[in-house]
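Based on the provided sequences and hints, a complete structural model is requested.
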Amino acid sequence: MDFRFNEEQLELGRAARRFLEVESSSERVRAAMESERGFDPAVYKRIAEELGWLAVTIPEEYEGLGLGAVDLMPILEEMGRFLYCGPFFSTICLGVNALLLGGDDAQKGELLPYVARGETTLTLAHAEARAKWDSAEIECEYEKRGDDYVLSGEKRYVLDGLTADRVVVAARAKGSKGAEGISLFLVSGEADGLSKSHLPTVDMTRREAALTFREVHVARDALVGEEGAGHALLERILDRARAALAVEQVGGAERCLDMAVAYSLERKQFGRVIGSFQAIKHMAADMLWRVENARSIAYAANVAVDAGDDAEIAEMASAAKATASTAFFQNAADNIQIHGGVGFTWEFDPHLYFKRAKASEEHFGSPAMHRERVARAMGL
Amino acid sequence: MKILVPIKRVADPDNANKVKISGDGTEVTSEGLEWKMNPFDEWSLEAALRLTEDGKTKSRVGEVVVVSIGPKDAVATIRQGLAMGAERGILVEGEDKKLDALVVAKILQKIVEKENPDLVVLGKQTVDGDSNLVGTYLAEFLGWPVANYATSIRTSDDGKTLTIVRELDTGAATLEVKGPAVITTSDRILHPHAVKNGVTPDDFAYPESEGGRYASLKGIMAAKKKPVEETSAAALGVDAAPQVSYVSFKLPPARSGSTTFVESAAELVQKLRNEAKVL
Numbered sequence: 308m309d310f311r312f313n314e315e316q317l318e319l320g321r322a323a324r325r326f327l328e329v330e331s332s333s334e335r336v337r338a339a340m341e342s343e344r345g346f347d348p349a350v351y352k353r354i355a356e357e358l359g360w361l362a363v364t365i366p367e368e369y370e371g372l373g374l375g376a377v378d379l380m381p382i383l384e385e386m387g388r389f390l391y392c393g394p395f396f397s398t399i400c401l402g403v404n405a406l407l408l409g410g411d412d413a414q415k416g417e418l419l420p421y422v423a424r425g426e427t428t429l430t431l432a433h434a435e436a437r438a439k440w441d442s443a444e445i446e447c448e449y450e451k452r453g454d455d456y457v458l459s460g461e462k463r464y465v466l467d468g469l470t471a472d473r474v475v476v477a478a479r480a481k482g483s484k485g486a487e488g489i490s491l492f493l494v495s496g497e498a499d500g501l502s503k504s505h506l507p508t509v510d511m512t513r514r515e516a517a518l519t520f521r522e523v524h525v526a527r528d529a530l531v532g533e534e535g536a537g538h539a540l541l542e543r544i545l546d547r548a549r550a551a552l553a554v555e556q557v558g559g560a561e562r563c564l565d566m567a568v569a570y571s572l573e574r575k576q577f578g579r580v581i582g583s584f585q586a587i588k589h590m591a592a593d594m595l596w597r598v599e600n601a602r603s604i605a606y607a608a609n610v611a612v613d614a615g616d617d618a619e620i621a622e623m624a625s626a627a628k629a630t631a632s633t634a635f636f637q638n639a640a641d642n643i644q645i646h647g648g649v650g651f652t653w654e655f656d657p658h659l660y661f662k663r664a665k666a667s668e669e670h671f672g673s674p675a676m677h678r679e680r681v682a683r684a685m686g687l
Numbered sequence: 320m321k322i323l324v325p326i327k328r329v330a331d332p333d334n335a336n337k338v339k340i341s342g343d344g345t346e347v348t349s350e351g352l353e354w355k356m357n358p359f360d361e362w363s364l365e366a367a368l369r370l371t372e373d374g375k376t377k378s379r380v381g382e383v384v385v386v387s388i389g390p391k392d393a394v395a396t397i398r399q400g401l402a403m404g405a406e407r408g409i410l411v412e413g414e415d416k417k418l419d420a421l422v423v424a425k426i427l428q429k430i431v432e433k434e435n436p437d438l439v440v441l442g443k444q445t446v447d448g449d450s451n452l453v454g455t456y457l458a459e460f461l462g463w464p465v466a467n468y469a470t471s472i473r474t475s476d477d478g479k480t481l482t483i484v485r486e487l488d489t490g491a492a493t494l495e496v497k498g499p500a501v502i503t504t505s506d507r508i509l510h511p512h513a514v515k516n517g518v519t520p521d522d523f524a525y526p527e528s529e530g531g532r533y534a535s536l537k538g539i540m541a542a543k544k545k546p547v548e549e550t551s552a553a554a555l556g557v558d559a560a561p562q563v564s565y566v567s568f569k570l571p572p573a574r575s576g577s578t579t580f581v582e583s584a585a586e587l588v589q590k591l592r593n594e595a596k597v598l
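From first to last, the protein sequence lines stand for chains A and B.
Just so we're aligned: the first sequence equals residues 308 to 687 in this note's numbering.
Just so we're aligned: the second sequence equals residues 320 to 598 in this note's numbering.
If you are wondering where the hints come from, they were derived from the structure by calculation, not from laboratory data.
C-beta: ideal position from N, C-alpha, C; glycine also.
Keep in mind that a hint or two might mislead.
Said to hold, decoys possible - Computed Cβ-Cβ distance ranges for the label pairs, DEER-style:
#: 1; chain 1: B; residue 1: Leu587; chain 2: A; residue 2: Ser583; range: 46 to 54 Å
#: 2; chain 1: B; residue 1: Val588; chain 2: A; residue 2: Gln585; range: 43 to 51 Å
#: 3; chain 1: B; residue 1: Ala595; chain 2: A; residue 2: Ala338; range: 35 to 43 Å
Said to hold, decoys possible - Here are the simulated EDC-like pairs of lysine to aspartate or glutamate, each with C-alpha atoms no more than 16 Å apart in a straight line:
#: 4; chain 1: B; residue 1: Lys337; chain 2: A; residue 2: Glu573
#: 5; chain 1: B; residue 1: Lys543; chain 2: A; residue 2: Glu315
#: 6; chain 1: B; residue 1: Lys337; chain 2: A; residue 2: Glu357
#: 7; chain 1: B; residue 1: Lys537; chain 2: A; residue 2: Glu356
#: 8; chain 1: B; residue 1: Lys375; chain 2: A; residue 2: Glu356
#: 9; chain 1: B; residue 1: Lys375; chain 2: A; residue 2: Glu357
#: 10; chain 1: B; residue 1: Lys545; chain 2: A; residue 2: Glu314
#: 11; chain 1: B; residue 1: Lys377; chain 2: A; residue 2: Glu573
#: 12; chain 1: B; residue 1: Lys537; chain 2: A; residue 2: Glu573
#: 13; chain 1: B; residue 1: Lys377; chain 2: A; residue 2: Glu315
#: 14; chain 1: B; residue 1: Lys537; chain 2: A; residue 2: Glu315
#: 15; chain 1: B; residue 1: Lys537; chain 2: A; residue 2: Glu357
#: 16; chain 1: B; residue 1: Lys537; chain 2: A; residue 2: Glu367
Here is the structure:
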């Protein structure tokens, strides 16, 4: 595959870096971590209004730019590099993808223009208490009562679930099993019977929530996609999210390398900078190839997303997610090693990347699950 | 109003530790450097964009032409300017080492004579050469007035008369300038109320910022369709050789990083005089 960004995509990446190195600096990330919402709404507003990033993948008829997954990559990579805290990923890579793949015209018309303007945030509620990303294991249930659907159950690890205006919820028809009977519903974040709580995780840079549905009534028009056909739809949504998250992880992994190299050229031991020692050079070289390896496959997965073949997307997304997760986590760990004692102090940033890497590694399935999925796709 | 804004790509000042000197010590090598628009030029471009728009509605009411002199890949800097909102670009191909302030000013003079802008707004200096000469040279060659280190610009008649506040060591001077004119800007030009053009409502405040505006995605897409004219010093009829030649470069000595604590002001004075020899 011969892939290269075009001039506009390169400029988008440069603009994203210029913006995020200021607006998502270490100080800003730490302030967001301490804030009630977990992000700065003023920065999110600027991302929408001043930069137009929320419009990238939204079709032109819904006030977007109608671009693809590859066009989103320069933004995601920089967001990963600077640990951007905000509901961009959950809104665009989960919510918008759910609507684009399964939503009807009314749902898209009602929400997407507002998403593009930064006025509405979205997310997806999929995993549950057992932290499984296998859609066949969903236990949250729905039943039909009159014209309504009634949802009951608990969702966990919902990215930005506390602040999302609308949540796409995966539930199964009462009594159904496995991949059968799964449907997706668009639920208001303020729906009666929905209670939300912050779910603290190791990663303070991305908020997660537990959502409990106690007889939450939604109308028929809340159904996203066909009733009972949600399993395949969920996999399509998740695969696109995996490909997107892999790019974000590449940005984080590269930042770990940059931090480690910069520190190794500054810190002296035995009268020399530690970067001159072979042991450090080898670690840095390993970090570099991990980044390059993960970048190649993450980019390829998003090229596959734009090409649109679901089987190819599934295989590439899993390969990318497994590779980028491992690269980010190992680079984050090596970055701490190269920093030595200060590497795990609160004041230095390596621990923030380590924690983001650990949490991202588990989102939408662990590397082991994805390697298994690739093996199956290859007929092994 | 039509404004010409010269912009230069410079090695990213935030990565100054990557600057290296060639083996023979005669030049600074560009290998491995990341390029950025000279920050002073970026602020000037921001001022020019504010002068030619209705800040409240974001509609354009004038034209900004960005011009860069340098190798072919300097076009990326021009595209950045176009993505920020400038209408057109001009690339004058040239080798960095064959350019100095005089040559640059002569090339810009030819561009100005061709484009007939109402104003030339440029950074007071570049962060690499720091010579702080081009604006003044250019004004001299054109026979135009120059206002250096502008911290605010006010006009309500499309640039024909400008009220400019200049930054001085001793305070600030307010000038009234008849256009066409050359203006160089200071970083205070980014103040939310520093630029008034008679179109943007007087009470409108631009957001607090440490640099020029960020290129929006729509701006980046639009920049693709904006014209960039390519030319050369020879095509413009400029045959000037640099007047400045660099004999040798060397990196500043590494700092020892040691800190000496003193007990009293008297001891400090003694050390500054006898050890540091700065008094």
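Going down the list of hints, with the structure as the test:
| no. | hint | verdict |
| --- | --- | --- |
| 1 | B:Leu587 <-> A:Ser583: 46 to 54 Å | 36 Å, violated |
| 2 | B:Val588 <-> A:Gln585: 43 to 51 Å | 48 Å, holds |
| 3 | B:Ala595 <-> A:Ala338: 35 to 43 Å | 39 Å, holds |
| 4 | B:Lys337 <-> A:Glu573 | 13 Å, holds |
| 5 | B:Lys543 <-> A:Glu315 | 7 Å, holds |
| 6 | B:Lys337 <-> A:Glu357 | 32 Å, violated |
| 7 | B:Lys537 <-> A:Glu356 | 11 Å, holds |
| 8 | B:Lys375 <-> A:Glu356 | 13 Å, holds |
| 9 | B:Lys375 <-> A:Glu357 | 13 Å, holds |
| 10 | B:Lys545 <-> A:Glu314 | 13 Å, holds |
| 11 | B:Lys377 <-> A:Glu573 | 45 Å, violated |
| 12 | B:Lys537 <-> A:Glu573 | 40 Å, violated |
| 13 | B:Lys377 <-> A:Glu315 | 22 Å, violated |
| 14 | B:Lys537 <-> A:Glu315 | 10 Å, holds |
| 15 | B:Lys537 <-> A:Glu357 | 10 Å, holds |
| 16 | B:Lys537 <-> A:Glu367 | 12 Å, holds |
Checked against the numbered hints listed earlier, the structure breaks hints 1, 6, 11, 12, 13; every other hint is satisfied.
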